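Make a model of the complete structure from these sequences and hints.
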Amino acid sequence: MRDPVSGQIRCRSSDPACVPLNLFGNAASSAARDYVTAIARTETEIDQHLVSVNATGTAFTIPGGEVRIAVGADYRRESSEFRPDALSASGRARGAPLTAIGGSFNANELHAEALVPLIGAEQGFAFAHTLQLEGAVRWVDHSSAGSDTTWTAGLRFAPVQSVKLRGNYTESIRAPAITEVFLPTSQIGTQAQDPCDARFIGLGIAPARRAANCAAAGVRPAFQSTISGATQLVTLEGNRNLKNEKAEAWTAGVVFTPSFLRNFTLAVDWIDIELEDAIEQLSATVILQGCYDSADFPNAAVCQRFGRDAGSQVVNMRTGFLNAGLVNFAGLTADLKYEVSLGNFGNLSFGVNYFRLDELDFQ
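Just so you know, the sequence shown maps onto residues 83 to 445 in the numbering used here.
Careful: at least some of the hints might be erroneous.
[Stated by the list, open to error] With a straight-line Cα cutoff of 16 Å, these simulated EDC-like cross-link-like pairs (lysine to aspartate or glutamate) come out:
1) K325 - E358
2) K246 - D351
3) K328 - D354
4) K328 - D223
5) K325 - E262
6) K328 - E253
7) K246 - D417
8) K325 - D223
9) K328 - E362
10) K246 - E216
11) K325 - D359
12) K419 - D351
13) K325 - E362
14) K328 - D230
15) K328 - E358
16) K328 - D359
17) K325 - D230
18) K328 - E356
Because the hints were derived from the structure by calculation, they are not lab data. Just so we're clear, the structure is a prediction, and the values are computed from it rather than from any experiment.
Next up, the structure:
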């Protein structure tokens, strides 16, 4: 504003540090630019400590060869700390306020592996060159995600030296990552398809169930949702209640290494994986759809991630990581490798990789 007495431009603010800012003609002074700008800083510190003890050796010998074993124990501790400066925490920077957060978890693990040669090449069996049984087991005690036992068993059979058949079955887990558990809380702007909106209530995997659930929530039939037409602030955060992802997988394949063609290998494998409790970062749309399309409404976990006000508008939406996914995967892989010697000029290598996706379902 212009001072009525002196005629000089001055700040309307009573802050004595305020400097008038001229936005036109590149006439802003350094002092004015310094007053309205600042550098926001955040710090993230992630630490991992790991202690492992392992032992390997021959347990005993059977006609097929030496039975090899490995045992071990692991201890792992991970911690994370996020520290925004005062400006970032206040929300006066370009983004929404950032919240300081920190935490840690630890995991204790015991594992054992064994390789058992049931038939050895030295035994000279016809149409049974080698036969190997392999297995492994691991016990995991995670301070955040709980305890689980994983294992795998496999068989490798070579009827002749140039052909090897192989297969295994595995039950495995993946513990939540430190960033998935302790992601800093922040606010982001987003839009979402509200299933109870009149434009979307007839859609989805079960429209009748969606409509019934919306009615049970007290949403009127001709409802218009503001989050479906305008950007709304939602909370993005980590999840300290995440569980381990669990997978069941089996593979079967063949490896061909013909004696008449040196340095040639062809491997073909079928892979089948089912993953449950997959850790996914869910958007506001997926959370809303997962709630109102659920047969477990209103008790489904995603229904606890938001609320509705007196006008049925979505409020207090919390997005982030949840154990929400079920993935089925099946496919065929093939790898061909061939290497030719060029004498003094080195080697020439050829390779072909093939992949065929037969099934990929997300639920």
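Do the hints match the structure? See the list:
no. : hint        : result
1   : K325 - E358 : holds, 11 Å
2   : K246 - D351 : holds, 12 Å
3   : K328 - D354 : holds, 14 Å
4   : K328 - D223 : holds, 14 Å
5   : K325 - E262 : holds, 11 Å
6   : K328 - E253 : holds, 7 Å
7   : K246 - D417 : holds, 14 Å
8   : K325 - D223 : holds, 12 Å
9   : K328 - E362 : holds, 13 Å
10  : K246 - E216 : holds, 15 Å
11  : K325 - D359 : holds, 7 Å
12  : K419 - D351 : holds, 15 Å
13  : K325 - E362 : holds, 12 Å
14  : K328 - D230 : holds, 9 Å
15  : K328 - E358 : holds, 5 Å
16  : K328 - D359 : holds, 6 Å
17  : K325 - D230 : holds, 10 Å
18  : K328 - E356 : holds, 8 Å
The earlier numbered hints are all upheld by this structure, with none contradicted.
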